[in-house]
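Novice: Chains as they are written, first to last, in our numbering: chain C, 1 to 81; chain G, 82 to 162; chain F, 163 to 813; chain Z, 814 to 1044.
If you're looking for bench data, these hints aren't it; they were derived computationally from the structure.
All of these numbers come straight from a predicted model, not from anything done at the bench.
Heads up, the beta-carbon is just placed ideally off N, CA and C, and yes, glycines get one too.
Heads up, none of these hints are tricks.
Distance ranges between label pairs, derived from CB positions:
| hint | chain 1 | residue 1 | chain 2 | residue 2 | range |
| --- | --- | --- | --- | --- | --- |
| 1 | Z | G988 | C | E59 | 48 to 54 Å |
| 2 | Z | E1027 | F | N557 | 35 to 41 Å |
| 3 | G | R91 | F | S605 | 52 to 58 Å |
| 4 | F | E774 | Z | S853 | 54 to 60 Å |
| 5 | Z | G923 | F | K490 | 34 to 40 Å |
| 6 | F | G230 | C | E77 | 54 to 60 Å |
| 7 | F | G513 | G | K137 | 44 to 50 Å |
| 8 | C | E60 | Z | D838 | 53 to 59 Å |
| 9 | F | K490 | Z | Y1001 | 37 to 43 Å |
| 10 | F | K490 | C | I79 | 45 to 51 Å |
| 11 | F | K489 | Z | S853 | 17 to 23 Å |
| 12 | F | H728 | Z | E950 | 29 to 35 Å |
One-sided and incomplete, this derived list gives chain Z residues near chain G with beta-carbon spacing under 10 Å:
| hint | residue |
| --- | --- |
| 13 | R874 |
| 14 | K915 |
| 15 | F918 |
Calculated Cβ distances over 10 Å to all of chain F for the following chain Z residues:
| hint | residue |
| --- | --- |
| 16 | K816 |
| 17 | L855 |
| 18 | A887 |
| 19 | N966 |
| 20 | N987 |
| 21 | E1010 |
| 22 | K1011 |
| 23 | E1038 |
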Amino acid sequence: MKAKIEVMLREDIFDPQGKTIVNALHHMDYKSVSNVKAGKLFYLELQETNKDKALKQMEEMAHELFANPVIENYKIEIIDL
Amino acid sequence: MKAKIEVMLREDIFDPQGKTIVNALHHMDYKSVSNVKAGKLFYLELQETNKDKALKQMEEMAHELFANPVIENYKIEIIDL
Amino acid sequence: MTEKKAIELSGLSPAEIDLARKKLGRNLSVEEIGMFGALWSEHCGYKNTKPLIKKLPVTGKHLLQGPGENAGVVSVDDYAIAFKIESHNHPSAVEPYEGAATGVGGILRDVFAMGARPIAVLDSLRFGKRDSARTRFLVGGIINGISDYGNRVGIPTVAGEVVFEDQYEGNPLVNVMCVGIAKKDKIIKATAKGKGNLLFYYGSKTGRDGLGGATFASAELSSEGEDKRPSVQVGDAFTEKLILEATLELLEKKLVIGIQDMGAAGITSSSVEMAGRGNSGIEIDIDQIPARAANMSAYEFLLSESQERMLACIEPSRLEACMEVMKKWELDCAVIGRVTDSQNVVVKENGKVLADIPTRFLLDEVPFYEREVKRPAYLEKAASIPPYHLNKTNNEMLKDLLSDVNIASKKWVYERYDHMVQTNLLAQPCAAGGALLRIKGTSKAIAMATDGNGRYTYLNPSVGGMQAVAEVARNLACMGAETYGITNCLNFGNPEKSEVYYQLAKAMEGMGKACKALNVPITGGNASLYNETDGEPILPTITVGAVGIVDNYKKAVTAAFQKEGHLVGLLGINKEEIGGSLYLEKACGKIAGKCPSLDMELEVRLQRLIRELISKSFIASAQDVSDGGLSVALCESAILSGKGVSIRMEE
Amino acid sequence: MKKINFGVVVFPGTNCDKDTFWVLDKVFHQNVRAVWHTESDLEGLDVLVLPGGFSYGDYLRSGAIARFSPVMKALVKHAQKGKAVLGICNGFQILAEAGLIKGAFLRNKGVHFLCREQNIKALNKNSIFTNQYQKDEVAQVPIAHGEGNYFLNQDDLKYTLDNELIAFQYCDENGLADESSNPNGSTYHIAGVFNKEKNVLGIMPHPERASEAEMGSIGGKKVFESIMARI
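Working from the sequences, and respecting the hints, build out all of it.
Specialist: Dropping the structure here:
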């Protein structure tokens, strides 16, 4: 089974990396970009074949390791079983 | 317009972060995880409303800044106009 | 934001609210409640520690600036050395990476706001149970936070401590010290004065970071639902590096009257404290504050703890030049108010007055509390050593001590810090009890170290307070340096509990006594109280940071043995004192016994002797006997030098 | 003694410019001036140094943003004229991102930032930067980086080997270059590499931190002495 976890900073949390990238893009004349938010992405391969069990496991993993609930949100997506 | 750029290391390149995460997960008894690949994720907001123009611009930005072609691949996705 | 919610968030007691109402003769606005809550918090107002702080020695022959400014300053020749230690315990318990990173950012700004270029960071860290998952989580986050932030700004982390004791499990201690250097005439005070002068804001835009931070810094954490603030303060080391260079450029060009960083309680504390020092009034215009988040309220602007922001007081004629500097360093800036002669702090939003409070009342009339003191019941029981059976040989016990994480090499920590940048550090961080940094272009070097001992202070608060000062000064003396100044970080439980207040009062008394004996002034510091989880306080811990000078660093020594055939001697008296030792803790599983005694008169002579022996090159290395005792001290010197050592006990 | 004109380039976020300035000025007594990243007139400068640090906070990738600064266009012209360019640590990363030197940088194999003394050996002594070293001479020069894992794909590695473009390799105190003496996992244990004409050198260890005995190692002195001997 293949799955994907997206981890992004919560809306109200300051994203210094995103801000710096926007400034850089403007210096490179990509003036149309108004905002950039930077985040992390993880592709996982699991031995698990049962979809619900896999989802439950990934929910825990995301909460404990991939994301820091205090400042980050996460999205889980099963790509193929 | 909202868009998303995913940047991942090319297949043939060793990913020390991915390996460290797999070890940590096994340490936390998530034995079913066999592989993890870590990458970067960017959500962009653009003033551009023309889809093709936006795609072309993002192609350039991804190639020049967001990804380093020597070691990384990128995927662009328009989320909503 | 209702009045009731503002009062709840402010942490002010009903009596304190009434005091403010009586003084102003009217009800308080939501913004005023927030401002009183911030400035009358423990963090900014020292309301539980002020009476005790007053008794500390604050004069010394090398002192240039004592407590009351952003950082303390001592001087050598025409150089000024600014330094201070601060705690970021609560934010680091909630979010270790950002908590520690913003802790570094804040203390750096305190130093460069004085006009000094930061040249070193020291991190004094205390964690809980050695093998708990929570400790592993905190250790990883906190060390990463300090490493990423310090490395990015280009300030070397050169010394510090990493200590593991079960009593810190719910409340890690993250005390960070910064040392900076400037020419004496470049040192600047954080004042706002001169009617019509401008309040010039520069650095990052303001968002809703860490709202409630100042009041939160002294709030007790409960372990079930950790009291997570809605938005944690996030650090941006890149912008910090820009405001550091921009600030020093403003000072180089003599463009400002005073500067302060926006620390806890952001705009409120910086503007009011600057006005207080200049004995003037100020008027703040909320509409001018650069905003990062949409439609923020005045309350949020006033209390936001967005990082990497500075406030300067400048003459209108300098505005153009100041904006030019900000343009070069690509930093946001704006005039957000001006100095008035009204002796009041006035806050306006599109012309409407939201707050109007006498500056002196906000700063000088912080209600402070002499709490009731009660000798802790545990002291009797802890003083007696429980019977224990040591089923290990001496060798096995020594190996146990040497492999204990509190003793073993800290290379796994400092190799994550760029401790070499700025090319001033003269020896590897492990080579001595502290760090020695050369002053380029001179023969002199600055010695620096941090020390603290929660175990001794637990067993005997007043002697524990003395030991912390004596040990940090001893570490400097063992490099050949005389201590010029001391800064301190008070990490204690809830002061409203009389047993905790006993620990606090006695430890501070001991610290003051040791400083007087050493003739070394306390130049400032900070207090972090309410470090308790579910009613269990941490070990009472004063972390002391010291700076000193070696006149000729070519003669300085480290702890490593130098040559075969050298004789090894012990200075001072070796007494049968294993109370509070790591050895005893391992043997009987808890902190017990009488705290080792400390004769300050002998200590002062001993340190003077060591310094003289080093300056005359009579000795080749020196090491103080501390954690793990004499056997560990000998092993450390041997391991560092790759040589062996043989000792005859009977001498 | 003829003095060489050095330009030390400063980007927002550069940290080691003052250390490099100190060594060139006070230890080697050369002419040195700081070059702000928006300048594009580099006339009169013999050697350009891109010092270490975290240009633009190393956000996105080390050096990814700095390469677009105005000074880089002038620096490329300077290099095309055969003039010397030395990229140290972050400077090396910027040169790679700008394509002046082949390859790219990955996270250290140990994931964490690493700062410690490190042995390297000089593989190729005929260049502006290495002519004072003996062939395979082992030198101690400290490293300090988090993304120092230099990567070359197969073709670029072959190109680099065929043209003898490796300047320095990580090794142990006896000169053995292997997995255990390689601190970050870089391809072929590469610590420093030239461009084709060998007038541009990228090196991850910091020679400016190893040019004075009291700093603990002097393995970097010969990089500066080589430049002074050749220009």
